[in-house]
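**Student:** Put together the whole structure using the sequences plus the hints.
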Amino acid sequence: MKTTHLKSSNVAKGGIFTAISFLLIYISTILPVNKLSLLATASAIIPIAIISTNIKNGFLVYLSTSILCSIIVGISRSSVIFYIIFFGLYGIIKYYIEKLNKLYIEIILKFIFFNISLLILFFIYKLFFQGIPILNKYIYVY
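Here the working numbering is used: the first residue of the sequence shown is 3, the next is one more, and so on.
Bear in mind the hints are in silico, worked out from the structure with no lab data behind them. Hints may contain errors.
To be verified - Below, a list of computed lysine-lysine pairs in the PhoX-like style, where the Cα atoms sit at most 25 Å apart:
| hint | residue 1 | residue 2 |
| --- | --- | --- |
| 1 | 112 | 58 |
| 2 | 58 | 104 |
| 3 | 37 | 104 |
| 4 | 128 | 37 |
| 5 | 15 | 101 |
| 6 | 58 | 15 |
| 7 | 96 | 112 |
| 8 | 128 | 58 |
| 9 | 96 | 37 |
| 10 | 96 | 58 |
| 11 | 112 | 101 |
| 12 | 15 | 96 |
| 13 | 9 | 58 |
**Tutor:** Written out as structure tokens, the structure reads:
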């Protein structure tokens with residue numbers, strides 16, 4: 003009986019965390035300012051979900067928030083793309099990296115994850131907005 007209660011509690015907490023994350027991402031697409039701070043707040047929900055439940059539920063919160071935002075808000079919004087590629091995944095990646103308990107390796111791996119995410123975001127941005135001369139004029143990727 004206790005495991006059923008824990009499973010239903012995890013499902014309920016996951017739904018609440020998904021709703022809060024979705025609301026923050028939706029607000030970040032509407033407001034003309036504070037986009038990154040709202041996305042950072044939405045990404046802070048994932049570690050809270052991991053701490054209060056487990057890693058599986060945290061990943062499901064990320065996955066359901068990403069799918070919900072892609073369908074309702076639209077995948078073409080930059081805030082949704084930023085959340086899916088970097089902000090949402092960071093809490094999950096951070097959980098696994100910090101299990102190593104070696105500070106220098108943790109910092110290097112987080113730095114590598116950030117740079118890979120930034121490179122992916124750059125190529126997606128370049129794919130969608132090829133006609134913008136400012137991007138092609140000043141930033142070169144070899």
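**Student:** Next, verify each hint and record whether it holds.
**Tutor:** Here is what the structure says about each hint:
1. 112 x 58: It holds: about 21 Å lies between the C-alpha atoms, which stays within 25 Å.
2. 58 x 104: holds (24 Å)
3. 37 x 104: violated (33 Å)
4. 128 x 37: Cα-Cα ~20 Å, so holds.
5. 15 x 101: holds (24 Å)
6. 58 x 15: Satisfied, since the Cα-Cα distance of roughly 13 Å is no more than 25 Å.
7. 96 x 112: The given pair, whose Cα atoms are some 7 Å apart, holds under the 25 Å limit.
8. 128 x 58: violated (33 Å)
9. 96 x 37: Holds, at about 22 Å.
10. 96 x 58: holds (14 Å)
11. 112 x 101: holds (13 Å)
12. 15 x 96: Roughly 21 Å separates the two Cα atoms, so the pair holds.
13. 9 x 58: The hint holds at about 12 Å.
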